[in-house]
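Let chain A serve as the given structure and place chain B on it in line with the hints.
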Amino acid sequence: MKGDKTIKAWFAARGWRVFPFQREVWDAHAAGESGLLHCTTGAGKTYAVWFAALREALEHPRSGLQVLWITPLRALAADTENALAEPLAGLGLPWTVARRTGDTSGHARKKIADRPPHALVTTPESLAVLLSQPAFAPHFASLRMIVVDEWHELLGTKRGVLTELGLGRLRALAPAARVWGLSATLGNTAEAAAALGGVDRTMRLVRGEVPKNLRIETLLPPAEARFPWAGHLGLQLLPQVAGRLRASATSIVFTNTRAQAETWFRALGEALPGFPLGLHHGSLSDETRREAEEGLRTGALRAVVATSSLDLGVDFAPVEAVLQIGSPKGVARLLQRAGRSGHRPGAESVVACVPANTFELVEIAAARDLAGAGVIEAREPLRAPLDVLCQHLVTVAISGGFVPGDLLAEVRGTHAYRDLSDEDWQWALEFAASGGATLRAYPEFARLVDEGGRYVPRAEAVARLHRLNIGTITSDASVEVQFQNGARLGSVEESFVAKMRPGDRFLFAGRSLELVRVRDLRATVRAARRGATTVPRWMGGKMPLSTCLSLGVRRRIDRARTEAPDTPEMVRLAPVLAVQARLSRVPGEEQFLVERLTSREGHHAFFYAFAGRLVHEGLAALFAFRLARRAPLTFSLAVNDYGFELLSAEPAPLAEALADDLLSGANLLDDILGSIHAAEMARRRFREIARVAGLVNEGVGRARKSTRQLTVSSSLLYDVFAKYDPANRLLAQATREVLESQLEQTRLRATLGELRRRELLLVDVAAPTPFAYPLFVERLREQLSTEELAARLARIEAAMEGAV
Amino acid sequence: MRVELAGETVLLDAARALVWGDAVVIADPHFGKDASARAGALPIPRGPTADDLARLDALLARHAARELWMLGDVFDSVHAGEAGTRETLARWRERHGERRIRMVAGNHDRRALAVADAVGFERLPDGAAIGPWRLTHHPAEIPGGYALCGHIHPGLRLAGRGRDRLRLPAFVLGTRRAILPAFGGLTGLANWEPAPGERVYVVAGDAVRGPYPPGR
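Going down the list, the protein sequences come from chains A and B.
Using this note's numbering, the first residue of the first sequence is number 1, and each one after it goes up by one.
Using this note's numbering, the first residue of the second sequence is number 805, and each one after it goes up by one.
The following block holds chain A by itself, in its conformation from the complex (with noise of 0.2 Å):
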């Protein structure tokens, strides 16, 4: 075949050879099938899907657009379109490669529409504002392969249904596409391949190269200094990491959050002056990024501090040291990040973990093992989220209408949407028309009308107004950091500017800030002479840990009671796990530790399921609701990935509750739905959904800051539909939500399920222990009440007249 001769030599050139995996998947795609190709490592994964397209075009010359490439972050997209436009010339293929992303300037964007691509990259949401547009409609129909890149980070969130729905769409234009998914392997990899296909699609899964061998290391302190029991910025093994840095040629330098990679990024700096050092995270600025990026490819830095930024993404080039500050939660994104390292065949994958206290010892101890084990997390599908389905119904109505049977059964050939109740179809379709039973007696946002069957636009603004607001990321409204001459640095929420005044001093894009002035979301900001302290924070910080490392690290701690440590870890743990077992008692892996301590704060029970994060809100909020039911209590709650704290101010019945239905698994959903309106988290959730169906639009300009000038929290907005619209069901969505994606209600129940069975151990203590101690001095919490407001006053009324 002329194409396989052509491609041979053209990889013989390079003096690489096809992985098997390469050509299975180009045989599969020439036999008409899909599929999804999964492995640890990122290495040869986008050729293996680009030149099955390739050679396809080398022997059946075909124009017009060819293959739509959906990559989640628009960062990756030059990247892509770069690789993917690599090969071309030199194989002798006359194909134009461009990018279609929300950085598109609007030239570029209508040249596209006008002559459309060979290979058009793109995003989940721009890929829907294409399908929004009628013009653009007909060019999908020449379709060949359609590759979602980076499946894994978009499965599980609204964007990978968004994404889902969007394949619908384009199985009905494209009948010829062929669908090919790129995903780092998952603990339900089938379970991935089946949401991309749909209903009636066979998905062939295809495994990558084999992972390299992989080492995980962990830096430590001298082993006289003592290890902090909670924090998370790790910089006491500052110099270690700063060593490592210098010791290696290029390095990355990955952190879990945004401000730990702020803090790092100026640590390292003072630590290692003169050192080519970047910094790569979301909030940058495109061109900070890029310098980043090419930095790193040149050499001309040899190291970048970076978030998940830089976890994904095609052929950055590999880096010989990589770094993982902090925990990495999970195994497969330590698996991800440890992949960036030694990219020559066979070569050994390094990542040298850095903890931050000694719990996460642990969890790098748990990590490794289960590693080892080849043990790796699921990512759960999400199911028929209804503001996602009201946002494609009038997307697709703008994009000529549609006639709501045939659309249903697209919809419903979705993994996401396949057992979507003819109830919520019509409650979807009636409110992307009209905005719901209570909206009906508005006009203004009446939004489709049914003309002869088919479902169309009301009015041209509708359509416009749709498109700017398509999409299912929510944040806090953002302010763009600029410099007085204009130069851009990036973007920060605008809740952290909201408290700055001018002359506040803080640290941003490695540098030392000073707020000039804020107006109209543009913070203009000079040099400070003197260093700034305050870090801005950005939304969904923290990363729960994983199920599967949960599982591992109680394990390993149960091991350690009976077993001598045999890790560098275990080794340094030890002394806190005695510490422990003097003051409380070491859970093994069948019994529930619960302490109890009395402080001058109050009454403090600590409960230690190792269940993560997410599972232990949910707990918490469910424990302070049975308690607080019992007696009038007011309870503060905080949590981490292994337990939980109940403080309040008068002693809670916990030895009664615990012996009765603390536990229980009976009326458990009616509880936790109590215990969600009582902790408010519904009410969290409900702007967002809003925001997705198209309750709330976001605007730009001048209408997106009068939209803000309202000030209507999202706490009122959920108040006025509970009350006006109960029948409204994002409501309903937004309490299913927290059960099911916040608080991972099945899980909940199976973690109540497995703590009544095992031994209950109940100790009081006489000071915070090292278990004890993270949530001790935890401040973010939340709050359950039942007592009366007037008992509170009260209470705070003496304690303020005792310090009078």
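What the hints contain is simulated information worked out from the structure, not anything from laboratory work.
Careful, some of the hints might be misleading.
[Claimed, not checked] Taking CB as the label site, the calculated pair distances span:
| # | chain 1 | residue 1 | chain 2 | residue 2 | range |
| --- | --- | --- | --- | --- | --- |
| 1 | A | PRO502 | B | GLU898 | 27 to 35 Å |
| 2 | B | ASP930 | A | MET500 | 25 to 33 Å |
| 3 | A | ALA655 | B | GLY811 | 54 to 62 Å |
| 4 | A | GLU270 | B | MET805 | 54 to 62 Å |
| 5 | A | ALA791 | B | ALA933 | 41 to 49 Å |
| 6 | A | ALA655 | B | GLU997 | 16 to 24 Å |
| 7 | A | GLU430 | B | ARG899 | 33 to 41 Å |
| 8 | B | ARG904 | A | LEU668 | 51 to 59 Å |
| 9 | B | ALA918 | A | ARG488 | 27 to 35 Å |
[Claimed, not checked] Output of the computed footprint for chain B on chain A, the stretches with three or more beta carbons under 8 Å from beta carbons of chain B:
| # | segment |
| --- | --- |
| 10 | 636-649 |
| 11 | 787-795 |
The beta carbon of each residue, even a glycine, is placed where N, CA and C say it ideally should be.
Positioned in the frame of chain A, the structure of chain B alone reads:
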């Protein structure tokens, strides 16, 4: 809760109002905030303004009030002139035919003054003097009287044992001026740090409690 203010006895009502004799004083009702929300593409149902008016009815009846004074931000925006909202307000005004409904203008009222006139609210100049009082929107000390003000939407943060945290609408009573809590149901709170010499009372459900700090 009865308190002494500028040598007079006034009543602080948990409906977020101050009562002096047969006059009821409220601040920042922000009527029509739901309408502004709708105009800003936040499709809130029409209930909130009607609810606020019903609360106001009950308040006026409870105190057999002959006068209502509003300390500005009576309307949320020009959108209070939206047909449905304006009718609701006009009908409410008609029902209270014999009562004097008086207001000073706040910053939010700037473009809604025509609505005030249309529904028949009597407009007073800022700083208007009635008895010992000076009515104004923005907190200020006004020579010759004791100022009753709004604008701030004060909320008091209180902390107790067991990391108990509360934030409640507050009356801030200073030596020369008082700031009333916002009356409107769709309004938020701004944290208030009591200055020396200020007595702060909070609305706790259906009771008013205070003063904070205790003993003032």
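Ascending list of hint numbers which this structure does not respect:
1, 6, 9
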